[in-house]
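Q: Put together the whole structure using the sequences plus the hints.
Below, each chain spelled out in residue letters.
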Amino acid sequence: MFSSYQEGLLVLLGINVLTAFSVYSPLATGQLSLGNAGFMAIGAYISAILTLNFGVGLQAALILGGLSAGVSGVLVGFPALRLRGVFLAMATLAFGEVVRTIFLNLSYTGGAYGLRGMMGTTLPMVWLWVLAVTLFFFLLMRSPFGLNIHATHDDEEVGELTGINVTRVKVGAFGIGAFIAGVAGGLYAHYLLYIEPSLFGFLESIYMLLYVILGGMTTFWGCLVGAAVFTLLPEYLRFLERWRGAFFGAIIVLMMILRPQGLLTRELLRLLTNRRGPTQPEEVPARVQEVGE
Amino acid sequence: MTPPLLHLQKLTKHFGGVLAVEALDLAVAEGQIAALIGPNGAGKTTVFNLITRVLPADEGSVHFRGRDLSHLPRHRIVRVGVGRTFQNIRLFATMTVLEHVLVGQNVRLHPGWKRFIPVEYGEAKRRRAEAEELLNFLHLWERRHLPADTLPYGEQRRVEIARALATRPALLLLDEPAAGMNPSESRALVKLLQTIRDRQVTILLIEHDMQVVMDVCDQVTVLNFGEKIAEGTPSEVRQDPRALEAYLGHDA
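Residue numbers (my numbering), protein chains in the order written: chain A, 1 to 293; chain B, 1 to 252.
To be clear, the hints were calculated from the coordinates, so they are not data collected in a lab. All values derive from a computational prediction rather than experimental measurement. Virtual Cβ for every residue (Gly too), placed ideally from N, Cα, C. Please note that the accuracy of each hint is not assured.
What the hints assert, rightly or not - So the derived list for chain B, only partly shown, Cβ under 8 Å to chain A, looks like this:
#	residue
1	Val54
2	His75
3	Ile77
4	Arg84
5	Arg90
6	Phe92
7	Ala93
8	Glu99
9	Val103
10	Asn106
11	Val107
12	Leu109
13	Arg163
14	Thr167
Stated by the list, open to error - Distance windows between CB atoms, simulated:
#	chain 1	residue 1	chain 2	residue 2	range
15	A	Leu75	B	Glu132	39 to 45 Å
16	B	Ser70	A	Leu233	55 to 61 Å
17	B	Glu132	A	Phe54	52 to 58 Å
18	B	Arg79	A	Glu267	28 to 34 Å
19	B	Asn182	A	Leu271	57 to 63 Å
20	A	Leu83	B	Glu142	26 to 32 Å
21	A	Ile251	B	Thr150	30 to 36 Å
What the hints assert, rightly or not - A partial selection of chain B residues facing chain A, derived with a Cβ cut-off under 7 Å:
#	residue
22	Thr52
23	Arg65
24	Arg74
25	Val78
26	Leu102
A: What follows is the structure, encoded as structure tokens:
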């Protein structure tokens, strides 16, 4: 159906969508994580060790890799989420580098050489995961917990005084993000056939963030749009050759000026989907007494 | 005699060398509308912040229905039945009016998997109907799908009240609900406060609009420099020389 070049691109796109979701999850509660490449590395290495050394099936290995990343996310989350803004960004960035350095120095995982011989990731498998995660966010963001996520993002203190256990929401969202990054890492490892620590540098984390911000961080659909546009666009810009990077950078700067909220926003979605817009007059239910003006 | 719903004893708060609230004793009985008044900087909002644990108290205690609130985490305060609004309106910037009410209702959800079920299905339908009823009560029903921070000022204040009421509080703390309202809006507010009380909600409000205080309150406490200087019914306080001097003196 697809050429191998197209297939490779679509696999990569699917994995990028997943990593975008992994950043979106904490970001939706107002927390900037720059350490998701670290969680991705944990998922990649754990799942690779499981399939290579213990003969575990790929799907089980992906889930176990994701869980390992998720648990480390929760463990890191409790202390880290006391920090805010740039301080949290720095702490998570440092965490990502620590993870990378650990794998670099661990002889069991092959040090700088890494691990080789993992295989089995297919295009439908990647997109089934994308579908599952998209469906998960679709349901989550419409649930009471999803509303609590929005409220935590908008004003933590007022959220607490409205009864939200903000710590649980933040750590939960952080852990969910780490799990998804771990699964993405596992898929990546078994697609590339090899992994090494340098694949999971902090630039990877920056790219994940870029997908979310450019796609639109007020709605989870932005992850799909952002990852799609910014995985495919560089391919279409190949004709620019050495100027490609500069042109790509210029596009990002322009985007930030013209659409700082990202390509897709909740307001835009509301306009597109709200059938009962405020333009149509509605019948006001009967009122007991006059209270308003 | 039944114990008061809210009981503050020797409540004290310093900010550095400044005494914001000094050994404040205050009791609010169930079913009352009580007011906390005093000049700017008298420590009124600090009292609210101490009750809701936005700030830790240095000394003294807050009892609600006989239960000590001093060691509860902030998010539990609403669960035991204390809702509040804010002096400078604080709405959730990305949420619609209806969503504010739905978030407030979340407090009453049982912990567990039900929180993860999308709001439009199952028992959530009943919650939604309840939310719309509350919005209709506050004359916000037509606005329910609008982003809350695009509404005019008076309506934003009502959204805050709606969010707090959605948690079904036994005690509602209102921080200057009439601020920025014109006389006809204030009169409507007085009516609203009475209807809220009729719904079995006790109210403690901070207010500068003396007309509102005199019209609606059963009990008034006057603070000045963190200290209680007078207490009583509105007419008693109106004749208290210390209260007049500290606060009412300017326009009485």
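Q: Is it true that B:Arg79 and A:Glu267 lie within 28 to 34 Å of each other by Cβ?
A: Once the Cβ atoms are compared, 33 Å apart, the range 28 to 34 Å for A:Glu267 and B:Arg79 holds.
Q: Hold the hint about B:Ile77 up to the distance rule: shortest CB distance to chain A must be less than 8 Å.
A: It holds, given that the least Cβ distance between B:Ile77 and chain A is near 7 Å, below 8 Å.
Q: So, B:Arg65 near chain A? Judge it on the closest CB pair being under 7 Å.
A: violated, 17 Å
Q: B:Phe92 was flagged as interface toward chain A. Is the shortest Cβ-Cβ separation under 8 Å?
A: holds, 4 Å
Q: Does the nearest C-beta of chain A fall within a distance shorter than 8 Å of the C-beta of B:Ala93?
A: holds, 5 Å
Q: Under the criterion of a CB-CB separation shorter than 8 Å, is B:Thr167 in contact with chain A as hinted?
A: Result: holds, 6 Å to nearest chain A Cβ.
Q: Does the Cβ pair A:Leu83, B:Glu142 satisfy 26 to 32 Å?
A: violated, 42 Å
Q: Per the CB criterion, is B:Leu109 less than 8 Å away from chain A?
A: Hint on B:Leu109: holds, closest Cβ of chain A at ~6 Å, below 8 Å.
Q: Is the gap between the beta carbons of B:Asn182 and A:Leu271 within 57 to 63 Å?
A: With Cβ atoms ~34 Å apart, the hint is violated.
Q: Holds or violated: B:Arg90 as interface residue toward chain A, Cβ cutoff 8 Å?
A: Given a least distance of 5 Å, the restraint on B:Arg90 holds.
Q: The hint names B:Arg163 as touching chain A; please verify it with the least Cβ-Cβ distance against 8 Å.
A: Check passed: Cβ of B:Arg163 comes within 6 Å of chain A, closer than 8 Å.
Q: Once the shortest beta carbon distance from B:Val107 to chain A is found, is it less than 8 Å?
A: holds, 3 Å
Taken one by one, the earlier hints fail for this structure at numbers 19, 20 and 23, listed in ascending order.
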